Amino acid sequence: MSSVILYADADAGRRSAVSEELEATRRFAPATASSLRATRERLAAQRVDAVVVGATVADGTAADLVATVASVAPWLPLFVYAADGETGIDAADRETLLTDRYDADEISPVTLVDELAATISERPTTPNADRERTRLAALDGYDIPAATRLPFDRLTGLAADVLDAPVSFVSVITDREQQLLGASGLDVDCIDRANSVCTHGLNEESHLAIDDLLADPKFANIDALVQTGLRSYLGVPLRTPGGEPLGMFCVMDTEPREYNECDVERLRGFARTAMDMLTLQRPDPLESPFGA
1 MSSVILYADA
11 DAGRRSAVSE
21 ELEATRRFAP
31 ATASSLRATR
41 ERLAAQRVDA
51 VVVGATVADG
61 TAADLVATVA
71 SVAPWLPLFV
81 YAADGETGID
91 AADRETLLTD
101 RYDADEISPV
111 TLVDELAATI
121 SERPTTPNAD
131 RERTRLAALD
141 GYDIPAATRL
151 PFDRLTGLAA
161 DVLDAPVSFV
171 SVITDREQQL
181 LGASGLDVDC
191 IDRANSVCTH
201 GLNEESHLAI
211 DDLLADPKFA
221 NIDALVQTGL
231 RSYLGVPLRT
241 PGGEPLGMFC
251 VMDTEPREYN
261 ECDVERLRGF
271 ARTAMDMLTL
281 QRPDPLESPF
291 GA
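Numbering (our numbering), first residue to last: 1 to 292.
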């Protein structure tokens, strides 16, 4: 079976040239996208085996697209094909998120495809992908299907009241979806990871705060989110005693909003309580210190 390579670039000529070379190898099946929205929809709807990001996309920057792919599909090999300095991707993200980077001023689409074939055959990994494997292994240690929703519903209702927010929910994030354990003000059981805001907060040290979702290209094109009318987000990771993030405890508002440190600390307390509740449902609850 051919590997599906998704190439995302606003440049129609380059998309066509790269797609033709991918198809010519008979080893790869090309897929293309010109925008963040199209890339996200493709990742949600169909199998993709690797992603190549061009210099820009129609509704954001290459840096936005790299951050999105690395958050919603961290296991995928992720490449950049752009001239040096065109993408705005910082050095730390290049080291942790990218499998490799190719200078479009230096190599042709033909050479690019040869390089991709050689690299992908070696089954490359990245620090981001390694971190995700460790996180998913930690999640497997918790009995999530047995989690009773009512206590989590009550906890999120309290969080919504305390933080004066119309919506609050707590969830865990698997490899493909976000599963809600409890919610207040939102009637949803699961969200495709490609359309998740929470997945972007898993690797945050403290929290993820977004004052205005519609002002951020990574989220403004998620139709299901826009339709809810929700505009701002604050989320805190649910961390195991070993520090692995299983999911997020969050609040959302229908207006743009700046969250302060007091909001973060209050939400962090609710996240700790949610983890205590999950820990008690582990097959080996005594091995995890209560309240860690």
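Please note that a few of the clues may not be correct.
Stated by the list, open to error - Here are the simulated distance ranges between beta carbons: (1) 111 with 143: 48 to 58 Å; (2) 276 with 256: 46 to 56 Å; (3) 119 with 187: 18 to 28 Å; (4) 265 with 119: 35 to 45 Å; (5) 228 with 93: 52 to 62 Å; (6) 228 with 269: 50 to 60 Å.
Everything labelled a hint here was simulated from the structure, so no lab data went into it.
None of these values were measured; they are calculated from a predicted model.
Backbone N, C-alpha and C define an ideal beta-carbon position, used for all residues, glycine too.
A quick look at each hint next to the structure:
Between residue 111 and residue 143 the C-beta distance comes to about 50 Å, which sits within the given range of 48 to 58 Å. A hinted range of 46 to 56 Å is violated for the C-beta pair residue 276 and residue 256, which are about 33 Å apart. Against the hinted window of 18 to 28 Å, the Cβ-Cβ separation of residue 119 and residue 187 comes to about 44 Å, which falls outside the hint. Distance hint check: the CB atoms of residue 265 and residue 119 are about 44 Å apart, consistent with the given range 35 to 45 Å.
At roughly 29 Å, the beta carbons of residue 228 and residue 93 sit outside the given window of 52 to 62 Å. At roughly 26 Å, the beta-carbon separation of residue 228 and residue 269 lies outside the given 50 to 60 Å, and the hint is violated.
The structure does not agree with the numbered hints 2, 3, 5, 6 stated previously, though it agrees with the rest.
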